[in-house]
Amino acid sequence: MDFVQVSEEEGDEPIELPAEEDGTLLLSTLQAQFPGSCGLKYRNMDTKAVRGVRSNEGRLFPPSVDSSWGEYIYFCVFPKGIAHFRSSAAQIDSPYRPILPPVENKRKSDDNLENSTAKTKRIETRLRCTDLIVLGLPWKTTEDSLREYFESYGEVLMAQIKKDVKSGQSKGFGFVRFGSYEAQMRVLSNRHLIDGRWCEVKVPNSKGMGHQVPCKVFVGRCTEDINSDDLREYFSKFGEVTDVFIPRPFRAFSFVTFLDPDVAQSLCGEDHIIKGVSVHVSNAAPKAEQNRSHQGQNFNYNSGNNFGMHSYHHQGNHMNSGRSGHHRVTFQGGNFLSWVAQNSGHSNASNMNNCGGRKGSNNPNSGSAGMIKGDNSGCNDQQNGNSGWSNQSSGSNSVDKSNFL
DNA sequence: GTTGAGCGTT
Numbered sequence: 001m002d003f004v005q006v007s008e009e010e011g012d013e014p015i016e017l018p019a020e021e022d023g024t025l026l027l028s029t030l031q032a033q034f035p036g037s038c039g040l041k042y043r044n045m046d047t048k049a050v051r052g053v054r055s056n057e058g059r060l061f062p063p064s065v066d067s068s069w070g071e072y073i074y075f076c077v078f079p080k081g082i083a084h085f086r087s088s089a090a091q092i093d094s095p096y097r098p099i100l101p102p103v104e105n106k107r108k109s110d111d112n113l114e115n116s117t118a119k120t121k122r123i124e125t126r127l128r129c130t131d132l133i134v135l136g137l138p139w140k141t142t143e144d145s146l147r148e149y150f151e152s153y154g155e156v157l158m159a160q161i162k163k164d165v166k167s168g169q170s171k172g173f174g175f176v177r178f179g180s181y182e183a184q185m186r187v188l189s190n191r192h193l194i195d196g197r198w199c200e201v202k203v204p205n206s207k208g209m210g211h212q213v214p215c216k217v218f219v220g221r222c223t224e225d226i227n228s229d230d231l232r233e234y235f236s237k238f239g240e241v242t243d244v245f246i247p248r249p250f251r252a253f254s255f256v257t258f259l260d261p262d263v264a265q266s267l268c269g270e271d272h273i274i275k276g277v278s279v280h281v282s283n284a285a286p287k288a289e290q291n292r293s294h295q296g297q298n299f300n301y302n303s304g305n306n307f308g309m310h311s312y313h314h315q316g317n318h319m320n321s322g323r324s325g326h327h328r329v330t331f332q333g334g335n336f337l338s339w340v341a342q343n344s345g346h347s348n349a350s351n352m353n354n355c356g357g358r359k360g361s362n363n364p365n366s367g368s369a370g371m372i373k374g375d376n377s378g379c380n381d382q383q384n385g386n387s388g389w390s391n392q393s394s395g396s397n398s399v400d401k402s403n404f405l
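Take 1 as the starting number for the first sequence in full-length UniProt numbering and just add one per residue.
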């Protein structure tokens, strides 16, 4: 039996994984050791380049013609978007903030010394799992086999198959719940071959945002000279600001997104003075989903999570160089990044820390007035080209913030 | 006994 040496990342100590009789390595074998991985790559010693391993229908194929894996040490490919999760969970602005801790009304201005590790830890404790729906299950899949499959990702708290009450026949979908948020994230961003059939895992539509805490606030009475840097700088003293959005053309309001929903909430209803202007902070109303959606169903972000079963067969290879650090990706067949990004409104994933020099300037006294005024280098006010404003009647004083969320 | 987009008898 041939063994394939695989490590999680290049340079890590490899694990030997057994190949199949036909020389292929089962994706499930790989994922049993490296949950969440979706492929393999290796360093070609001749070209010094990283090469991807052919992958199709749940099997990984050895690179050489004689069906041997050779002496290469292969390393895992993880779906894009997951790449940064481990190293800095703080960058994932999750749609799941269902846990509403007692509102302590505490300001984070005292937490400026808090290091990122502590912050990450705090966030992770906040992230909670929800049931996930598994669509497209084979009729034969049982709750046991469903559980067994997903256990490679982490602790499975619940696995159920929806069945016809009379016949007991599976309806072809089920639900699964994980014990860890990371497992949930990986499952959501992965493709799943369960009992021989490609299935998709999504957040159920029944999960609304009802009990989730918004991270975004509406800032009214803005003047035109208050730019995104001003807002970011000012509001950073209350907590980490992950996004600032100023609709263009000028509409006298803007949106500020915080990492911590508590911070956002604590600011709502208050007046703040920025550059001598009294602005008003209020809760950012949920987006009126193009007026199509029913109330309470404003969490359709996940509808972009099209891990379409049809596309799977045409995209066996996910040649993602798992941890390149680039945000811009094309995540074919899936939409993990936009799922992450949309939740925060305006693509936090790509705008995070776009404005250089913001880190460490949480102390409002640390920034000189000269820095605050007109320092907009490298940071666009209208971030990410949100075009929601075109629906607005320009110049109107009746502010409709809904289309900006 | 069949089927293949969807959304959970509690």
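For the record, the hints were derived by calculation from the structure and aren't laboratory data. Among the hints, erroneous ones may be present.
Claimed, not checked - The list that follows gives simulated cross-link-like pairs (lysine-lysine, DSS-like), each with its CA atoms no further than 27 Å apart:
id	residue 1	residue 2
1	K202	K237
2	K41	K140
3	K171	K140
4	K207	K163
5	K171	K202
6	K162	K140
7	K207	K237
8	K202	K163
9	K207	K162
10	K166	K140
11	K202	K162
12	K140	K163
Hint-by-hint comparison with the structure:
| no. | hint | in the structure |
| --- | --- | --- |
| 1 | K202 - K237 | 36 Å, violated |
| 2 | K41 - K140 | 33 Å, violated |
| 3 | K171 - K140 | 10 Å, holds |
| 4 | K207 - K163 | 21 Å, holds |
| 5 | K171 - K202 | 17 Å, holds |
| 6 | K162 - K140 | 12 Å, holds |
| 7 | K207 - K237 | 33 Å, violated |
| 8 | K202 - K163 | 19 Å, holds |
| 9 | K207 - K162 | 17 Å, holds |
| 10 | K166 - K140 | 17 Å, holds |
| 11 | K202 - K162 | 15 Å, holds |
| 12 | K140 - K163 | 11 Å, holds |
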